[in-house]
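Colleague: Spelled out, the chains give:
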Amino acid sequence: MKARHVWAIARKEWLHIIRDPLSVFLLGIGPVLMLILVSYAMAADVKNVPTVILDQDGSPQAAALIEQLDATQTLNVTGSVPDEGAANDKLERREAKLVAIIEPGFGAQTQDVDALASTDAQAFQPHLRFIIDGTDPVSAETAIEAALNESERFITAQMNATLDARLAAGADPARIAALRQQLQVPIDTTVENRYNPNLKAIWSLVPALIAVVLTLPGMSISTVIARERTLGTFEGLVATPIHKQAILLGKAIPYMALALVNVALMLVVARVVFGVPFRGSLLLYLALSGLYAFATLAVGMLFSILIHNSEAALWASMLFFLFPGMLLSGMFFPVEVFPFVVRIETLELPVVSGVIINRGMFLQGTGLRELWWNILLLLIIAVEGFEIAGRLFKKRIA
Amino acid sequence: MLSRILNIAWKDMLHLWHNRLLLILAIFGAASELLLIGWATGSQMDDLKMAVVDHDQSATSRALIEQLDQTQTLTLDKDASTSFAANVEHGSRGTALDKLFARGNIIFDPGPVLLIEIPAGFETDLLAGNPPDIEMTANGANSLPASTARRAAEEEIYAFGAITLAQHQATAALPSITAAGLQTVAQQVRQQIAASQPPVTVRYNEELDRAHYTTPSEAAFVLYIITIMIAAFMLARERELGTFEQLLVMPVRPLEIIAGKAIPAMAVGYANFLLVLGIMNVVFGIPVRGSLALLLILAASYLLVELGRGFFVAMIARTQNQALLIIMLIAFVDITFSGYAVPVESMPPLMQALSNLFPIRHWMIILRGILQKDVGLSVLWPQIAWLVVLGVLINSGTLWFFRRSLSEQR
Numbered sequence: 001m002k003a004r005h006v007w008a009i010a011r012k013e014w015l016h017i018i019r020d021p022l023s024v025f026l027l028g029i030g031p032v033l034m035l036i037l038v039s040y041a042m043a044a045d046v047k048n049v050p051t052v053i054l055d056q057d058g059s060p061q062a063a064a065l066i067e068q069l070d071a072t073q074t075l076n077v078t079g080s081v082p083d084e085g086a087a088n089d090k091l092e093r094r095e096a097k098l099v100a101i102i103e104p105g106f107g108a109q110t111q112d113v114d115a116l117a118s119t120d121a122q123a124f125q126p127h128l129r130f131i132i133d134g135t136d137p138v139s140a141e142t143a144i145e146a147a148l149n150e151s152e153r154f155i156t157a158q159m160n161a162t163l164d165a166r167l168a169a170g171a172d173p174a175r176i177a178a179l180r181q182q183l184q185v186p187i188d189t190t191v192e193n194r195y196n197p198n199l200k201a202i203w204s205l206v207p208a209l210i211a212v213v214l215t216l217p218g219m220s221i222s223t224v225i226a227r228e229r230t231l232g233t234f235e236g237l238v239a240t241p242i243h244k245q246a247i248l249l250g251k252a253i254p255y256m257a258l259a260l261v262n263v264a265l266m267l268v269v270a271r272v273v274f275g276v277p278f279r280g281s282l283l284l285y286l287a288l289s290g291l292y293a294f295a296t297l298a299v300g301m302l303f304s305i306l307i308h309n310s311e312a313a314l315w316a317s318m319l320f321f322l323f324p325g326m327l328l329s330g331m332f333f334p335v336e337v338f339p340f341v342v343r344i345e346t347l348e349l350p351v352v353s354g355v356i357i358n359r360g361m362f363l364q365g366t367g368l369r370e371l372w373w374n375i376l377l378l379l380i381i382a383v384e385g386f387e388i389a390g391r392l393f394k395k396r397i398a
Numbered sequence: 001m002l003s004r005i006l007n008i009a010w011k012d013m014l015h016l017w018h019n020r021l022l023l024i025l026a027i028f029g030a031a032s033e034l035l036l037i038g039w040a041t042g043s044q045m046d047d048l049k050m051a052v053v054d055h056d057q058s059a060t061s062r063a064l065i066e067q068l069d070q071t072q073t074l075t076l077d078k079d080a081s082t083s084f085a086a087n088v089e090h091g092s093r094g095t096a097l098d099k100l101f102a103r104g105n106i107i108f109d110p111g112p113v114l115l116i117e118i119p120a121g122f123e124t125d126l127l128a129g130n131p132p133d134i135e136m137t138a139n140g141a142n143s144l145p146a147s148t149a150r151r152a153a154e155e156e157i158y159a160f161g162a163i164t165l166a167q168h169q170a171t172a173a174l175p176s177i178t179a180a181g182l183q184t185v186a187q188q189v190r191q192q193i194a195a196s197q198p199p200v201t202v203r204y205n206e207e208l209d210r211a212h213y214t215t216p217s218e219a220a221f222v223l224y225i226i227t228i229m230i231a232a233f234m235l236a237r238e239r240e241l242g243t244f245e246q247l248l249v250m251p252v253r254p255l256e257i258i259a260g261k262a263i264p265a266m267a268v269g270y271a272n273f274l275l276v277l278g279i280m281n282v283v284f285g286i287p288v289r290g291s292l293a294l295l296l297i298l299a300a301s302y303l304l305v306e307l308g309r310g311f312f313v314a315m316i317a318r319t320q321n322q323a324l325l326i327i328m329l330i331a332f333v334d335i336t337f338s339g340y341a342v343p344v345e346s347m348p349p350l351m352q353a354l355s356n357l358f359p360i361r362h363w364m365i366i367l368r369g370i371l372q373k374d375v376g377l378s379v380l381w382p383q384i385a386w387l388v389v390l391g392v393l394i395n396s397g398t399l400w401f402f403r404r405s406l407s408e409q410r
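Note that the protein sequences, when read in sequence, are chains A and B.
Take 1 as the starting number for the first sequence in the numbering used here and just add one per residue.
Take 1 as the starting number for the second sequence in the numbering used here and just add one per residue.
A hint or two may mislead.
As the list claims (entries may be wrong) - In silico contact screen, one side only, chain A against chain B (beta carbon under 8 Å); selected entries:
| hint | residue |
| --- | --- |
| 1 | Asp-136 |
| 2 | Thr-189 |
| 3 | Val-191 |
| 4 | Ser-204 |
| 5 | Leu-216 |
| 6 | Asn-309 |
| 7 | Ala-316 |
| 8 | Leu-327 |
Unchecked claim - DMTMM-like cross-link-like pairs, simulated, lysine to aspartate or glutamate; straight-line CA separation at most 20 Å:
| hint | chain 1 | residue 1 | chain 2 | residue 2 |
| --- | --- | --- | --- | --- |
| 9 | B | Lys-78 | A | Glu-336 |
| 10 | A | Lys-47 | B | Glu-345 |
| 11 | A | Lys-244 | A | Glu-384 |
| 12 | B | Lys-99 | A | Glu-336 |
| 13 | B | Lys-99 | A | Glu-192 |
If you are wondering where the hints come from, they were derived from the structure by calculation, not from laboratory data.
Backbone N, C-alpha and C define an ideal beta-carbon position, used for all residues, glycine too.
Next up, chain B with everything else stripped away, as it sits in the complex (with noise of 0.2 Å):
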């Protein structure tokens, strides 16, 4: 038996190996991907454009714009602040607003996502101790960028008020109050501040670095779909070119047939994985925190799992065309439910339990466990569970399929 299925294996690595366009396209494809996906989503929100209307023209107010513009997350755009304050003068305030953000070409030239104005008697108000309203207008058609400005300008702001209002206390109280002297009072404000808040400790990925969530996510896409395709495609293609019966009037059991071909597509998949699972390791420092044996061990028996899946796929479909558009949409599906962009915990509660039925669920909870969490078997049985039972449940499936399609063909 093992020598038939080895024979078909055989066969279709020959198969790869003369489509090798694939096999580059494959390996290399996914890898560079990884690398434009962590850059990308790993970078920092730094140097946010915002605008400001400074209706005080006061020290005060131009001090605090100085502020705002030395934080790492803000940068003042003068162009835009001029420009908007004309138009708004020139027409209304929604139109001038609307030339502020709309904007189509963000790759060279990137718009502000917050205006701030400044209200007029800002500086008396303040010093009299009645807190004046500081208005923000943000981008709310981009939310990510506009709240991490909003949280930056709220918490610089809030300082700047505090320190302003005690260097004015320490002058009045102190009018020979030196510049080194006004320092410190700023200082120990500062201090207070940080004091003050709670300390926030973060676990697991302390820099709250996004490449570190978005990496292992693709990781985990390359090495399931890639290995889906291979194996819907082989399948798919002897249909379609009607080889599929030669293979049947062969001397194999089904099950030998499709173990044949899973060995080739788990072999493309599983290198994928390893070298993504590397080059995480090097360009981006995602740690293997967990044990490396029972991540390897269970990104095999994930593989078996999706395996099923991608057979089911060349069982219903008829054509490689067809093959490809179901996968399109299961991948479409796989990444919702994988929490790739949305945790599942905020879903709806019928979509978190129908999360279950899809094996990649489990695997991303297994995957950044090990990665990030070092834990092991006695945390993650009940994933590992699930797989077991949806793994059954497919392959069976399949097989059953299978063998009825090849009792139709007879």
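For reference, chain A alone in the conformation it holds in the complex (with noise of 0.2 Å):
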């Protein structure tokens, strides 16, 4: 293997691609613009979870706590319905995604302090209740915590406001405090979120989806010898004396000088336009990130190897980078809770390894220490892959 020969390689495949002015553009700023919209559009927190309220209580506590539900940046309350039946219309047609129920008694309820001292359970059941859509989970269960707090924040406050109106009217202040005791919360918990304070979501978004864009060029180059077959210029491809494993790295290489392009626009928009801290060192990312691109089109390689009809290798590259960057990769869903037997099948994905490193490097700035595990699989991926493909590969024609 001479480095002439790959080089040569090297530079026909760039005058294809260089020389297709579309493709140019798809591979050469499409992961950045997929970035852009995608992190835009998806970075969004759940909030204003459409809200509608059925009153059947009236008084002026419930008018409070229907503000107060409000005024959450996560809940917005659109409407209010005359019964049951007309919430279940407006959840079916997503007109409203939580319904909160006050039934009668609500206001009387927040000021009956005196049911505080109750040792019966049900003197405790407020006259509340909600209705969730729950279709999809992760904004469910968000609303619910908002909704659950809110509520309990202001039948606390309502208690705390008749327990003082008490006092100053006189009453026992030993009964009071002893009341209060009640309402008071028996340990105090303060919570810090470490890298992210305020949990943005589009903090830990933004360096994954980094991960999945760059799996473009791989499958990009899944395609690559089966069109050299499919168009008949593999035959001249195989009369040349360069030796195979040459070939694939020299087709490999304008692929991963896109991709390193792509990296530094990626990281400049990441710092520029989202504000994402980057916390690592600069030149072990950059280097990682040329690992990962390598490791991504070692398995486009061998798709394109392995799957003589390009269809068929597309689609398979397809299953392997597309579908998986987005649930599998530890994007929107963290892989460790998964069970057992998909965490190991998820080993042969690059884009875990590269999702992780990306966050670590980015979020919580860690270096060799930490991400040798995930530096090792992509070693791994990317030199077995090339092997493998060199070993399948054969200069013949069939």
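Using the supplied hints, reconstruct the complex from the two chains, each of which is provided in its own coordinate frame.
Modeller: Now the structure itself:
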């Protein structure tokens, strides 16, 4: 395998790519465009969940609760309904995702501080309930948490105010203190979210997405040999005195160059447009991105050689890169909690390691010490992929 | 006319048949991927690891740790807890946290997602009625498991505090109280806590199973992307190989070529959809609550809309490779606007408006509506109207484009 040979093939492939302006455009800045569009759309935190109210109570307290629910970021009160049938209808038409039902007696109950001393669990049952559309579990959970927290805070505040009023009116301070004790949270908790203090979705999405869209060159290379076969230029390639591994390597180099250009562009976009912090070492990041791109190219190349037909090669690489990229990569659903069998299955997906490396280097400032395992995985995929591709690639005309 | 269409369809069927690898990959690849995705995302987030630092070392703090460990969501990671404590002593808190949270090997050794620190004086403060402050640090780099763990921990800490206080008061009032008596107190407190929460009814996906959200998404993709791909590639290949000209000199009209090529693409896409629908129902227990017949009819109509896009791609692309890249980018955008991972309702208003131009957005609403909500035409008609409008626009655009590029070639 001579460097001159590799270079010659790389140049030929490069000319192939740049003489096709549409491909240059799609491969050159396609990933960056995707990053911007998808991040902008998907990084929305769950907010403004459409909520309708069924107020059977009509007290001023009920009105105050509705106002307080509407004031949250997560919920957005869009209207009220006369009965539960109408609420169901709203859910079915997706005009509402959450229904808050304020039952008769809610207002009176929030003033009834004496019930706090009761030992009967039923006395604590608030005259309030919720119905949630569970179709999308992630946003449903967020909406439920917001609704429950907010109503609990409201009831506690109301009761405290009533206690204050009674104290001012001359009630027995000892009894008031005992009742107030019931309202107090026994243990306070404070939470700090390290690496992403405000849990901004965009901070965790953008680094992961960079890894996912960087599989585009890998998908594209999967048709590269098949194309030569369909076009008949494969014979010319076979006739050259170039070693087969040199052909494969040469073909990968232009794609590699495009991938690195993309990495640099996306890094800038992530920092400048989306304000995601970058805490790791830049040099290491570029090196690891190169390794990651090489691993995806190796897999793409393997498909290209295994499958002689370009549609089938393409479909295989889509099954391997595109769908898992979205759902199995850890971008939205954490890989840690997958069943063990599926976790083992993800070992062969470079995108899983890519997401970990990107998130680690952007948000956590990790280095070689923490990432060695993922680097090893990528190295194995890259080297093995190329080696097997080289072994299966026959310079022979079938 | 029909016989000419069928002739072309037959020709392309033969093409596909000779390309059996694609068929096998298309059908079984999609099916096995659906299984993988359903299993992966449907798993409950149980046994998330936590590290605990106990500055109090009292009976109460140890009891709290045990309570947390016994919840379904949380598991105590003893090694990580000890090494974190040691790292804090030898270095800074920051590096110790990094060592705790930043891990690469999440397949065999997923680290803790939450650190809980119990302050010194926890027991005395709690029993004296001054709420002690427990500090938690979550791994925000991976926020979904971290917030799940945090939620579970907060709930359990609250219950533990209330129970401990109640038991303390009960012991003060009646020093001779038995262990069984204390147990009853604990039970009463738990009942009270449960009762004081407003009840929540979850509709349509009662268990909040994530697989019920992700697998329909995957099914929708399988249906559309295989159809687009086959349509685009059949045409792009003819153009690349030059056999397109042969098609042109044949005594068939452009519309007939398109229709003939549409049939095999639809057949494969539809077969795939049926298989995936079956798997969803049998393996993941996703019901078809609405009318199956309506679903099947609408699926076919939806395919017609997407086919137009497939041919359109083939019109723009000169080679298969270009077609591939364009499909890739389209797929990314479609995934975004289908509400795959993030509901469209949470997106910025501009994006929400834009999403209406993508057929898959309407198809996802129809699919989820019929599968989970048992809704029919009376609710779904706006989506169907959108699909009709988009279908007419896309398909007439494609046909116009096709005619134009034909006259260019002639």
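Colleague: Less than 8 Å between beta-carbons is the criterion; does Ala-316/A satisfy it with respect to chain B?
Modeller: holds (6 Å)
Colleague: Lys-47/A and Glu-345/B: Cα distance at most 20 Å?
Modeller: holds (9 Å)
Colleague: Can we keep the Leu-327/A interface hint, with Cβ of chain B closer than 8 Å?
Modeller: At about 5 Å, which falls below the 8 Å cut-off, the nearest Cβ of chain B leaves the hint on Leu-327/A intact, so it holds.
Colleague: With a cut-off of 8 Å on the beta carbons, see whether Thr-189/A makes it to chain B.
Modeller: holds (5 Å)
Colleague: Given Leu-216/A was flagged as interface, is its beta-carbon under 8 Å from a beta-carbon of chain B?
Modeller: holds (6 Å)
Colleague: Taking only the CA atoms, is the gap from Lys-99/B to Glu-336/A under or equal to 20 Å?
Modeller: It holds: about 17 Å lies between the C-alpha atoms, which stays within 20 Å.
Colleague: With a cut-off of 8 Å, does the beta carbon of Asp-136/A approach a beta carbon of chain B closely enough for the hint to hold?
Modeller: holds (5 Å)
Colleague: Given the proposed pairing of Lys-244/A with Glu-384/A, does the C-alpha separation stay at or below 20 Å?
Modeller: holds (16 Å)
Colleague: Hinted pair, alpha-carbon criterion (20 Å max): Lys-99/B, Glu-192/A. Please report holds or violated.
Modeller: Roughly 17 Å between the alpha carbons, so the hint for Lys-99/B and Glu-192/A holds.
Colleague: So if I understand the rule, the pair passes when the alpha-carbon distance is 20 Å or less; does Lys-78/B with Glu-336/A pass?
Modeller: holds (18 Å)
Colleague: Against chain B, with CB atoms and a cut of 8 Å, does the hint on Asn-309/A hold up?
Modeller: holds (5 Å)
Colleague: Grab the minimum C-beta distance from Ser-204/A to chain B and call the hint holds if it beats 8 Å, violated otherwise.
Modeller: Holds, about 6 Å.
Comparing the model with each earlier hint shows no violations; every hint is respected.
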